[in-house]
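K.L.:
I would like the entire structure built from these sequences, with the hints used as guidance.
Each chain is listed here by its residues.
2 protein chains.
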Amino acid sequence: MSFPFEITARDGGARAGRIFTPRGDIATPAWMPVGTAATVKALTMEQVRETGADIILSNTYHLMLRPGAERVARLGGLHKFSRWSGPILTDSGGFQVWSLADLRKITEEGVRFQSHIDGATHMLTPERAVEIQADLLGSDITMQLDECTDYPVPEEAAAASMRMSARWGERCKTAFGTRDAQALFGIVQGSVFPELRRESAERLTEIGFDGYAIGGLAVGEGHERMCEVIELTTPFMPVERPRYLMGVGKPVDLIESVARGVDMFDCVLPTRSGRHGQAWFDGGPINLKNARFAEDESPLDEMSACPASRDYSKAYLHHLVRAGEMLGSILLSWHNVHYFQDLMARIRAAIADGTFEQLRAEAEAARAAHAANQA
Amino acid sequence: MSFPFEITARDGGARAGRIFTPRGDIATPAWMPVGTAATVKALTMEQVRETGADIILSNTYHLMLRPGAERVARLGGLHKFSRWSGPILTDSGGFQVWSLADLRKITEEGVRFQSHIDGATHMLTPERAVEIQADLLGSDITMQLDECTDYPVPEEAAAASMRMSARWGERCKTAFGTRDAQALFGIVQGSVFPELRRESAERLTEIGFDGYAIGGLAVGEGHERMCEVIELTTPFMPVERPRYLMGVGKPVDLIESVARGVDMFDCVLPTRSGRHGQAWFDGGPINLKNARFAEDESPLDEMSACPASRDYSKAYLHHLVRAGEMLGSILLSWHNVHYFQDLMARIRAAIADGTFEQLRAEAEAARAAHAANQA
Chain A
73 MSFPFEITAR
83 DGGARAGRIF
93 TPRGDIATPA
103 WMPVGTAATV
113 KALTMEQVRE
123 TGADIILSNT
133 YHLMLRPGAE
143 RVARLGGLHK
153 FSRWSGPILT
163 DSGGFQVWSL
173 ADLRKITEEG
183 VRFQSHIDGA
193 THMLTPERAV
203 EIQADLLGSD
213 ITMQLDECTD
223 YPVPEEAAAA
233 SMRMSARWGE
243 RCKTAFGTRD
253 AQALFGIVQG
263 SVFPELRRES
273 AERLTEIGFD
283 GYAIGGLAVG
293 EGHERMCEVI
303 ELTTPFMPVE
313 RPRYLMGVGK
323 PVDLIESVAR
333 GVDMFDCVLP
343 TRSGRHGQAW
353 FDGGPINLKN
363 ARFAEDESPL
373 DEMSACPASR
383 DYSKAYLHHL
393 VRAGEMLGSI
403 LLSWHNVHYF
413 QDLMARIRAA
423 IADGTFEQLR
433 AEAEAARAAH
443 AANQA
Chain B
73 MSFPFEITAR
83 DGGARAGRIF
93 TPRGDIATPA
103 WMPVGTAATV
113 KALTMEQVRE
123 TGADIILSNT
133 YHLMLRPGAE
143 RVARLGGLHK
153 FSRWSGPILT
163 DSGGFQVWSL
173 ADLRKITEEG
183 VRFQSHIDGA
193 THMLTPERAV
203 EIQADLLGSD
213 ITMQLDECTD
223 YPVPEEAAAA
233 SMRMSARWGE
243 RCKTAFGTRD
253 AQALFGIVQG
263 SVFPELRRES
273 AERLTEIGFD
283 GYAIGGLAVG
293 EGHERMCEVI
303 ELTTPFMPVE
313 RPRYLMGVGK
323 PVDLIESVAR
333 GVDMFDCVLP
343 TRSGRHGQAW
353 FDGGPINLKN
363 ARFAEDESPL
373 DEMSACPASR
383 DYSKAYLHHL
393 VRAGEMLGSI
403 LLSWHNVHYF
413 QDLMARIRAA
423 IADGTFEQLR
433 AEAEAARAAH
443 AANQA
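Here the protein sequences come in this chain order: A and B.
In short: position in the first sequence from 1, add 72, done, that's this note's numbering.
In short: position in the second sequence from 1, add 72, done, that's this note's numbering.
Note that these hints are calculated values from the structure, not bench results.
Be aware that a few hints might be false.
Each pair may be met inside one copy or between any two copies, as identical chains are not told apart.
Unchecked claim - Here are the simulated DSS-like cross-link-like pairs (lysine-lysine), alpha carbons at most 27 Å apart as the crow flies: (1) Lys152 with Lys386; (2) Lys322 with Lys152; (3) Lys177 with Lys322; (4) Lys152 with Lys245; (5) Lys152 with Lys361; (6) Lys361 with Lys386; (7) Lys245 with Lys177.
P.N.:
Okay, here's the thing in structure tokens:
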């Protein structure tokens, strides 16, 4: 079955709604914290839940290598293993094979690669990707296996790759079959070529998925180009199904993608930035390592509902980051994940209120002020 | 003033009681988590408090180097800076200078050393140690500056060092003066030499401190020798004042020291072990990295009040440790700090009930069983 998806408000191209899953509802536009190895780095699942997250993402590539998909299955599946009781979306592993694995070899059958952990050889086919995600990990939303192409890439190569990804999508659909309480999403590819994006979206729509992702972006094409590709892709994605932009991004990327009709996001940015001493705000990140915070007694955000944002002075965070203390990574990851959830909540409220353009303009002003302040 | 110290129960040489401080009571025997750099590594202060800790220890050496004692003072003192509102005991810095600093030079005046962080030269005198702890950090219990001697050390050298430490203790007492809401502890030295330990305790008692520590142990002399030294030292320490064994230790060390009349402890073991994948129990530590935990669905301690001990499977902890995930360090540090607090609570209850010898025997049996299991 497809999870019901109800669009409750529209404002320009932006849309707000709700995906109903057996493990809980997902308010959209939604941002998913990334729990790569069955943990959102530096946080407990209780902390993640309290930031307002409805759904998290986990990485098939990492979990199939360690602890292994069959092991997770024997331990009762990913929800029980990781103690996240809400919906989980798993990626297919394709992107990480492309970005992390050694010696990968892609054929029509699938992708053969060596683990970056122990060098062992693995084979990921569309069928195996579905088995790992839907059967072994037990994810709520399974992503089709796709091929990620380099950027830039010649149009001919992008076309061939996109068409193979579409064929893989069809094989995933067949392997997935009909399931009571799980969904399968297709992934639109085609690099930055309008006709390829259109063809990809149309092929996938014909196959029929429960949701549609935009893959192959945020790989070096830049914010403007990314927005262009989104803008020319979403019109060809089914309006009644969730649209998911994979691996994106900064607040400005989220806002501009929502403006173009995207409903779901994931990104490691908040947790990775947190581990590197950065705290995110509408305008951009501040680096707590900076000497100007050494005696700044103000918290990151005194009005926040998040303890990490509200209760700790910047001076203390500065000290923790300088001293390399784990608590610095914990608190900044916590703040950042909360900030991103709060941003999505504001986006949803603005769409419902018909004030999305105002939010967009204010965010643009905040970025300009932040840039001026950093200069 | 001296903090009131009430001994409420005795069982053999063991004693249970309560230290009353303006920032809260300390149930004794007490174990203090170590918050070296104004953070108990990997934990929030809320988590530390929930484990049952009444008091934490912070390190003068680390804080004077980073962020700097004057800076902490400008930020409102260590309690406000670190968000620990209960009592804080600070060590004098002497031990860390001995164990961490480069190029230290000890004279009657004090100790000159180079920071292990940036190589800058610092001077720590008895007067400066008191100023840093009591005036700048604002600690509740200030430790006198003492010299830590190597182990083993010739008796003559140990005697000279102990007598200088006693003179430093007197200078600390003078510098400390009379304070309304803060206490000063002396530190008994003398290595493993009975007469020197006795002389040290008597000299310090004559000076008059609010509490008395045993320093210079757990430096390689071994458990048996350490117990011997404690046993021959505590009889010369004032019975009506708290006795604090510095930097110790494993559960067996705590139990055997309590049996010999010790009231307070601190140790980095639980947090350090936690960061290295170990979980502590009465019998000893288990290493979660061990393959036998890979599919062990049981929690560390299903009866525990601590979420880290109760809610996570060993299989998940194993995975986190293997994957080098921060959450593994967090959860194991949390479990360990809770375990040590729970052990102290059981020790206090046993003393009150007159069953301390039974607890001691059960702990010995647990250690034997653990050793047999590991072999």
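K.L.:
Are there hints from earlier that the structure breaks, and if so, what are their numbers?
P.N.:
2, 3
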